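**Q** Chains as they are written, first to last, in the working numbering: chain A, 1 to 308; chain B, 309 to 616.
Worth flagging that the hints you see were computed from the coordinates, not collected in a lab.
Predicted model, so just to flag it, every value in this text is computed and none were measured.
Even for Gly, the Cβ is constructed at its ideal location relative to N, Cα and C.
Mixed in with the good hints there might be a few duds.
Under 7 angstroms between C-beta atoms, here's a sample of chain A residues computed to sit facing chain B [to be verified]:
1. L61
2. C90
3. P93
4. Y118
5. G125
6. I126
7. T285
2 protein chains.
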Amino acid sequence: MADSKIFAPKTFAGVLAPVLTPFAADLSPDRRRFLAHCHWLLDEGINGLAVFGTTSEANSLSREERMELLEALVEDGVDSALLMPGTGCCAIPDTVRLTAHAVGLGCGGVLLLPPFYYKGVSDEGIFASVAETIERVGDARLRVYLYHIPPMAQVGYSLDLVERLRNRYPETVVGLKDSSGDWSNTAAILERFPGFATFVGSEAYLLDTLRGGGAGSITAAGNVNAAALRALYDAWQSPMADTLQAQVTAQRKVMQGYPLFAGLKAVLAAMRNDPDWNRLRPPLTALPAEQAAALIEELRRHDFPLAA
Amino acid sequence: MADSKIFAPKTFAGVLAPVLTPFAADLSPDRRRFLAHCHWLLDEGINGLAVFGTTSEANSLSREERMELLEALVEDGVDSALLMPGTGCCAIPDTVRLTAHAVGLGCGGVLLLPPFYYKGVSDEGIFASVAETIERVGDARLRVYLYHIPPMAQVGYSLDLVERLRNRYPETVVGLKDSSGDWSNTAAILERFPGFATFVGSEAYLLDTLRGGGAGSITAAGNVNAAALRALYDAWQSPMADTLQAQVTAQRKVMQGYPLFAGLKAVLAAMRNDPDWNRLRPPLTALPAEQAAALIEELRRHDFPLAA
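Could you put the whole structure together from the sequences, leaning on the hints where they help?
**A** Listed below in structure tokens is the structure:
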């Protein structure tokens, strides 16, 4: 991959949304609502679409369902440079297939979960998984963002492993999303890897991440609060930044009082007056109507923009 | 599925092995060694083959790889009634496809992991996943064994959930494998669900499980110690039972001092004098040669039958 520099692609920066996946009554992905949601997020100013993330219920989708939705997005005119699909599966052949597919469509990057079924695996084993994936895809256009989310995956990327992967694949492993929920881990990454495109999972740390030299945030809240998050990102060096951050953080605190994915779908359902958005695929379940109403009411009190 | 009784199949009983999956140098499944291993296990007296379990590195295999290996087994003359493939994936469409495929081949049952990416999910959500799978497969021949392995999957089947699933699908949900590593959980299952085909994950509890009315053990050790385990199963009501159990338990304790899956492959490699058996697919890694030698030496001292 010695010639990879000729592509000189920009890395992602700003606020990305792990796009919620709407489901039809038969639990199949609802392509029409998915496309409409993506276009709306871009109109709201989101800097990129991290489709098929944790919040997207991507791990409840088959490989084929993910590929079909990604193709639909590109066919529908979305600039694939703005797409950072999640492609990390438990099995290397699946990860390779999704990653190669994303690169083939021109996606700006992929967000790579480590294989997450086997627990207590070594850095050596995770390194081998990622290396095997990169080698098999064998495409200089590939840009990998490591997806570190130990609260969910239970398996993650240690700092030493990140260093080793960057050293081995400096043109390919260009960034990371830290969803550890542990700011000290994000701070350590920012300090140790200047120039690495580091995204924080919680928008409560967006400003801290940017001030620490990071790239931004890939946050579930981007699905419902994209305009405010983009405004914060654009203003991060202005005197307003802390005030905007405080507002966004307060809204996040409200949402944290509810199951996150179901809560976000309930908010979207309310914003669009479209109850079909309330559907989740098992094992996740929708918010009971009363809880959804309480969440909406609480957000209203925090000046959350509920009109779509 | 009202007519399901006409099949009146026997449930599994005895000692089953979650069959190790051998890999070729390119990390593809090694079909020849896989078939030979399965035939050898049956010759040794194993009561059934739980292919594509945790020990099988099944979660590192793609759906297609699992289906091809299963078809190869049946084409190679293995009685499909003796097969209990693991079919539980993160995404319902994948679980349905593998389960329907197994039923189509006449497998005696499937071992069903709950969807395991999303953590902290409700019993309601897991129930919906299993129900959706059973309904979509829609085949009265389907026999489901619930696979409870919280140390690995982090998501499991509570006793209340087991009861709910049995009540809803009495002809279909016929058994469970308890790999919680917690005997009090196994004991509670045995007490609460008499007649349920309960398997324990650790052969150290084989005798206790049988005495409690359970069906047997689905144990990783079955890959290398099938004859001794079968002898214990056959003799469980004899005066020799406790002595045989003590021997098996002592051998397990030796193996527990080493990484389990890599250790088992090292033992097989030594038994067959076939170093290719030492290969694991990332994220799992082979045992370093020194550790492997130490394991073999220790097993020898415990009268472990190392000749294949």
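**Q** Against each hint, give a clear statement of whether it holds in the structure.
**A** Cross-check of the supplied hints:
Restraint check, A:L61 versus chain B: the minimum CB separation of about 6 angstroms is within 7 angstroms; hint holds. Because the closest C-beta pair between A:C90 and chain B is about 4 angstroms apart, less than 7 angstroms, the hint holds. For the restraint placing A:P93 at the interface with chain B, the shortest Cβ-Cβ distance is roughly 4 angstroms, inside the 7 angstroms limit, so the hint holds. For A:Y118, the shortest C-beta to C-beta distance to chain B is roughly 6 angstroms, which falls under 7 angstroms, so the interface hint holds.
Interface hint at A:G125: satisfied, since its Cβ lies 4 angstroms from the closest Cβ of chain B, which is below the 7 angstroms cut-off. The criterion of a C-beta within 7 angstroms of any C-beta in chain B is met by A:I126, whose closest approach is roughly 5 angstroms, and the hint holds. A least Cβ separation of about 5 angstroms between A:T285 and chain B falls short of the 7 angstroms threshold, and the interface hint therefore holds.
Going down the numbered hints, you'll see the structure goes against none, and every one checks out.
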